[in-house]
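Number of protein chains: 2
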Amino acid sequence: MAGKTLHDVRADAFNYVWDNSIAPVVEIEPGDDVELHVRDASDEQITADSGTDAVAALDFSHVNPVSGPVFMKGAKPGDTLAVEILELRPRDWGWTAIIPGFGLLADEFPDPWLRISKVEEDARRVAFAEGITLPFEPFPGTIGVALPEPGAHSVVPPSAWGGNMDIKHLRVGTTLFLPVGVEGALFSVGDTHAAMGDGEVCGTAVEAPMDIAVRLSVRRDTTLAAPQYHLAAGDLARTEAGPHHVTTGVGPDLMEAARGATRAMIEHLGSRHGLDREEAYALCSVACDLKIHEVVDVPNWVVGMFLPETVLEGRS
Amino acid sequence: MAGKTLHDVRADAFNYVWDNSIAPVVEIEPGDDVELHVRDASDEQITADSGTDAVAALDFSHVNPVSGPVFMKGAKPGDTLAVEILELRPRDWGWTAIIPGFGLLADEFPDPWLRISKVEEDARRVAFAEGITLPFEPFPGTIGVALPEPGAHSVVPPSAWGGNMDIKHLRVGTTLFLPVGVEGALFSVGDTHAAMGDGEVCGTAVEAPMDIAVRLSVRRDTTLAAPQYHLAAGDLARTEAGPHHVTTGVGPDLMEAARGATRAMIEHLGSRHGLDREEAYALCSVACDLKIHEVVDVPNWVVGMFLPETVLEGRS
Chain A
1 MAGKTLHDVR
11 ADAFNYVWDN
21 SIAPVVEIEP
31 GDDVELHVRD
41 ASDEQITADS
51 GTDAVAALDF
61 SHVNPVSGPV
71 FMKGAKPGDT
81 LAVEILELRP
91 RDWGWTAIIP
101 GFGLLADEFP
111 DPWLRISKVE
121 EDARRVAFAE
131 GITLPFEPFP
141 GTIGVALPEP
151 GAHSVVPPSA
161 WGGNMDIKHL
171 RVGTTLFLPV
181 GVEGALFSVG
191 DTHAAMGDGE
201 VCGTAVEAPM
211 DIAVRLSVRR
221 DTTLAAPQYH
231 LAAGDLARTE
241 AGPHHVTTGV
251 GPDLMEAARG
261 ATRAMIEHLG
271 SRHGLDREEA
281 YALCSVACDL
291 KIHEVVDVPN
301 WVVGMFLPET
311 VLEGRS
Chain B
1 MAGKTLHDVR
11 ADAFNYVWDN
21 SIAPVVEIEP
31 GDDVELHVRD
41 ASDEQITADS
51 GTDAVAALDF
61 SHVNPVSGPV
71 FMKGAKPGDT
81 LAVEILELRP
91 RDWGWTAIIP
101 GFGLLADEFP
111 DPWLRISKVE
121 EDARRVAFAE
131 GITLPFEPFP
141 GTIGVALPEP
151 GAHSVVPPSA
161 WGGNMDIKHL
171 RVGTTLFLPV
181 GVEGALFSVG
191 DTHAAMGDGE
201 VCGTAVEAPM
211 DIAVRLSVRR
221 DTTLAAPQYH
231 LAAGDLARTE
241 AGPHHVTTGV
251 GPDLMEAARG
261 ATRAMIEHLG
271 SRHGLDREEA
281 YALCSVACDL
291 KIHEVVDVPN
301 WVVGMFLPET
311 VLEGRS
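Those protein sequences? They're chains A and B, same order as listed. This note's numbering puts the first sequence at residues 1 to 316. This note's numbering puts the second sequence at residues 1 to 316.
Estimated spans, in silico, between C-beta atoms of each pair:
no.	chain 1	residue 1	chain 2	residue 2	range
1	A	232	B	60	39 to 45 Å
2	B	221	A	310	19 to 25 Å
3	B	74	A	313	29 to 35 Å
4	A	154	B	271	29 to 35 Å
5	A	298	B	111	16 to 22 Å
6	B	221	A	314	19 to 25 Å
7	B	238	A	172	21 to 27 Å
8	A	21	B	271	31 to 37 Å
9	A	49	B	271	48 to 54 Å
10	A	56	B	17	51 to 57 Å
Take a look, some chain A residues computed to stay more than 10 Å from chain B by CB distance:
no.	residue
11	12
12	16
13	35
14	57
15	77
16	82
17	149
18	182
19	219
Part of the chain B face toward chain A, derived, beta carbon under 10 Å:
no.	residue
20	104
21	161
22	202
23	242
24	260
25	264
None of these hints come from the bench; they were simulated from the model. What you are looking at is a predicted structure, and each value in this text was computed from that prediction instead of being measured. Quick reminder that beta carbons are idealized off the backbone N, C-alpha and C, glycines included.
Construct all of the structure, not just a fragment, from the sequences and the given hints.
Rendered as structure tokens:
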């Protein structure tokens, strides 16, 4: 019975907070499909024609709008909302910014920086720079349900209820499982990305407005403490086929180890591939993956940053 | 000129510390191959016939022996030692333990636990439990060079000079780049593993003695702050081809987020696949990968633990 009805959520149904008192825009049955129209994370403050001044002028009172909420009939606290990602359709562009005060190396990158990329949906690629092409692997950076705690909650941090998790693996074919915190779940989605690496270290991906279709259902056989998801066979292999150069950070704090691996990758991209520091930092964010190698060899942990070298194949 | 000479390091040349005053066991030229005979991480305190009592009785004054050191002629501080992993040959067994006081969830797993796995080199698999088969993907958990600081340094924590990094990607075909800290580099290797997940959360892998052959050379075009490595095309794809179930941890501390993802996976392996808690924790360590999804959406970060579901295909 999956996909029996398609609900189109009107484009002006979006919010800047998680708040379980916001009235749902649509009520659906388990197994229904929903299409939502997601604005970019800047809420149209940055456009395809913007320059760096738009980053400096960003008004953070309206960023990261989430489309919804969608009320799932019968969903109750303790249930699990299953979200199958069906389709993501971008426009022809996306933006990546270094925003002062934001990002893993905020202290080292004080100046605003902006890159508009060309998103080529048919060719399934993102033209990030001359000779730097990313695979087009779209996903929603923010996806979740309303918190049970009353009042308005920022959409910036993720929580056990999902939200701004920035999990790049929530691609078409993946099923996300979210704990339900309130009656009807109150599902919303936003912050669609055309490409991103695990970590999103500079704080932004290739931020791109998109239409997204999902299929929602309810499971009562498990109660989750935090989101889980299922990746289809071949998904990781398809996206990690090429050679990788890996930098590491080693030390007693995982965050500092992640910073060390990122700094080393920025240096590598500069010395080996000629990227300037800002472009290198942004490329780490949109293309490179952070993995935890070990967290047990006291007192030092190891984090690796993986550069898929294929993104640089076009450089001379 | 690579591989012009093969040096066989005698099997009794091993040490329990990093100490740059230890006399090298062999001197080699750039491009030479070296074969070393690595003892298991328990230094033969655990054998194929051991029971849990051997874990309880572990004498930590001699664990994690590293074979070497190898003196590379001409290598000087500031150079980079390139280590190409050529071959790893195991015996027919390996061990995995939960060691009291050690591991990501040490407080939650107070009792010693031991599993002897059958390592089937020809079939390239590790029989971990009835119906649970891991791919045989051997690598050295400890690999590095002597620290420039004088005196004896523990072999347990890794450092900027490598050591006990437990990077599962240092498989045959990968090239590791280590910063050189002292004249001759003084390379050693130990702690060979037949299978492990990124993170090594319970503190041990499938620990297995092995012979390892590496090709060593010197690069002077870069000075590294920490180890880096290069993965051949297809390496990640080959090892991540199947479907994955992913748990997440969300919170303001990366280590706690990693713990949350691990706890959720232990629960998942129990409720969905019938594993007891100790076996589930150990399976997380030998088969599941920790990835950092985001470290920028203040104040909460997201860590994912990836279960390759193929390891459980043999369970009814």
